[in-house]
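Asker: Could you put the whole structure together from the sequences, leaning on the hints where they help?
Listed below are the residues making up each chain.
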Amino acid sequence: MSNKQVIYSEVENNGIGYYGLLGFFGLFLLGGIVAFFTMEHHGHYISGMNNQIVWGLPHIFAIFLIVAASGALNVGSIGTVFGKKIYQPLGRLSGLIAIALLVGGLAILVLDLGRSDHVIEMAKGHLNFKSIFAWNMILYSGFLALVGLYLWAMMSRSKIAKKLYKPIGVSAFTWRLILTTGTGSIFGFLVARQAFDAAILAPEFIVLSFSLGLAIFIIVLMAAYKWTQREVGDTVLNRLRYLLAVFILGVLLLEVTRHLTNLYATEHHGVEGFILGGGNFYSNLFWIGYILVGTLLPVGLIFCRFLKNNRTALMAAAVLTALGGFALLYVIVIGGQAYPLVLFPNSEVSSSYFDGVVNSYSPSMWELLLGLFGVALFLAMVTVAVKVLRFMPASLADSVVDPHAK
Amino acid sequence: MFGKVHNVLALAAIIGLTALLTGCGDTAPEPRVETAKAKAEHCVEPTDVMRRNHMEFILHERDETMYEGVRSSKHSFKGCINCHVPASDASGKPVNYLTADHHLNPEHFCATCHAYVGVTLDCFECHSDNPEGAAPSDSTHAALNGGADHE
Amino acid sequence: MNNTNNIDAYRRKFLMGVAGTATAITIAPGLLLRQAGAKAPGDEISNKNRWGMLIDIDRLPNGGQTVVDACQQEHGWGHEEESNDKQKAQWVRTVHVKEKLTGHEFDLPVMCQHCETAPCADVCPTGASFRRKDGVVLVNKHICIGCRYCMMACPYKARSLVHEALFDQKPHSPRGKGTVESCTMCVHRIDKGQLPACVEASNGAIIFGDLNDENSEISQALKAKGGKQIRADLGLNTGVRYQGI
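Protein chains in written order, with the numbering used here: chain A, 1 to 406; chain B, 407 to 557; chain C, 558 to 802.
Everything labelled a hint here was simulated from the structure, so no lab data went into it. Beta carbons are placed, not taken as given, at the ideal position from N, Cα and C, and that holds for glycine. There may be inaccurate statements among the hints.
Claimed, not checked - To be clear about the criterion: a stretch of chain C counts as covered by chain B if any three or more of its residues have a C-beta under 8 Å from a C-beta of chain B, and this derived list gives those stretches:
#, segment
1, 694-705
2, 759-768
Unchecked claim - Heads up, simulated DSSO-like pairs for lysine-lysine below, C-alpha to C-alpha not over 30 Å straight-line:
#, chain 1, residue 1, chain 2, residue 2
3, B, Lys484, C, Lys605
4, C, Lys690, A, Lys130
5, A, Lys226, A, Lys159
6, C, Lys655, C, Lys690
Answerer: Right, dumping it as structure tokens:
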């Protein structure tokens, strides 16, 4: 290692700040548990979801966290797989955030199920391997195991760990690519729905995971280092800053491609007009939420010459990227369901089951609480973990991470 | 010093828990399985076999009916209910597995035992807890699900 | 009423078979029954059959509403008290269609189309959504986790999630909170050799029968006049076909 030895240490904060933060997350955890039991007891009628919009706000939170999870691991992978030394000190935190994000997202999914108690049947062997959901169960548990091993390989001092570091890192990286393909494929292969029948959603979700995962990583990194009074140098932050811009633009490229391909097929004109055409909540969310706030603004913040080395701008860009990704998922998943299913092309249809009408959806408090539960679970896991194990380098100052920097 | 406080707390907790458990013991109703003999001379299997294995029989029958469409099984779930649950109680009301306050009803054949042994009973979340042809329950259950003739 | 009792026709054919081949019946009565198409309650279903329905929308009483009511009566769906209209279950509904260019209008009942390659069964993580050997698509609610992926995948919007606790279900039609449900083609009836409730109420507008048996009434009618599938472009080879759309 040409780098100066990086020293990792546990977070030593012990005061009101640390426990106050944990307590704050605890409130949301409690809220989510109350929401789960309330919904479990009453049934889904207390939610805003219905037989037309079957996946709602909890699913947006869950997909967001799961997609971000695989992306958060990238920071570590760049160091391990692609040998970029400057990223290597960030590997431990990257793995931790990845695991915590995935657990948070999966928790939401499980708590929203109509019969969570029947999940045990899957453990008894009721698995349908034609289902992308069933693959995902395996992909998610494999991801948790692999990233766990990856963390061990990074943190253990044993010789065998050092030997396995690279192969495990490569496996984890490969696995995460497959995992996000699986998540994207959930929507990519619903042939019946005009909004969800594009296989390009799978690679799009991969690139989206890059940007969301990195955005979350930047937010956690900056907050954690600020609150623990540790130093992060501009070298690390600027690497992450420009990488984020690349990822944001990557998502934009695939999103634009997806819409252009769709516009080529007459079959999709209806739904594309609905999402892009303006005049409804989803098109506003797309243009203002995703394109303006979630893409152009953060890219502007990153490349604006007056904001060079500006940390507030980087933090803002990361937060906006996350919000934009959330908006994009909302448009894809809920907007796609809001647009009526086509039973008879070129015809007007109506029925007592809301055929032919744009479906409305307004999430209830319970759904919001479930979603926030997952976010709080992720943050609480990270907060506790950095205190009990050595995830965070004591310093990420320029002199530590890159002594030969010019 | 803290150790002492902990000891006292632990003792209090144990006493409290014991009191609670004793209290439960007093109120737990004995199962009232005699309602079983309402319709037939004897069950499809000897009583002790049924007591031990009814869940296995039902489970086997469930998959046979679900996947193979077999609907003549000796161990039919509907058969259990038809025989063991009366169409109505003395006052002419149906006997549901839950009481109005959503506790297991000691008058219902299945519920009475399941409450006694504390085993969950989720069959009736989907299956009818009443024999074929029984009247729909009254407003004790707010969510009437289109009983016999709803409209 | 010529086609409401086609299962009885199978029975008659079966009985004629009995008269002719007394030896065969002593060896394999179950086999004969199955070959004839009808099924006794104790028999296992067979992949030799593929149950299907042919719906002549022009002959449907009351624009199809009568058969919808019959289904509701048989299975008890749609009376959920806490759920709002968008959350209430609907196993079958009549859809009014107006072609924009020509102005041609018609009504048809739409429910589970019992696809040969059912998207709901493909996406179901537990295998709760499945296609029975005889072509009927069902939900095994014992292992359904209520994820609603099947509802996302269904091209016909044929499925509902039960959004609240239910009581007083029909003994022959279990349904419950948190699980997904749809038309069962009245398996509880056809397994006993009876006709689905909608077919009985259809006044002859719906023919039920075995699509694999080329001599069945439904196969003959389909051969003679054809029957369209909704969204035939998806290639799902549905078990429910329509005339007049």
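Asker: Are Lys226(A) and Lys159(A) close enough, with their CA atoms no more than 30 Å apart?
Answerer: Given that 30 Å is the threshold and the Cα spacing comes to 34 Å, the pair is violated.
Asker: Verify the proposed pairing of Lys484(B) with Lys605(C), using a straight-line Cα cut of 30 Å.
Answerer: Given that 30 Å is the threshold and the Cα spacing comes to 28 Å, the pair holds.
Asker: Is Lys690(C) close enough to Lys130(A), meaning Cα to Cα at most 30 Å?
Answerer: holds, 18 Å
Asker: Count the residues of the segment 759-768 of chain C with a beta-carbon closer than 8 Å to any beta-carbon of chain B: does the count reach three?
Answerer: This one is violated; 0 residues, fewer than the three required, reach chain B with a Cβ under 8 Å.
Asker: For the pair we were handed, Lys655(C) and Lys690(C), check the Cα-Cα distance against 30 Å.
Answerer: Between Lys655(C) and Lys690(C) the Cα gap is close to 36 Å, so the pair fails against 30 Å, i.e. violated.
Asker: Count the residues of the segment 694-705 of chain C with a beta-carbon closer than 8 Å to any beta-carbon of chain B: does the count reach three?
Answerer: It holds, with 4 qualifying residues against the three required.
Against the hints set out earlier in the document, violations occur for numbers 2, 5 and 6.
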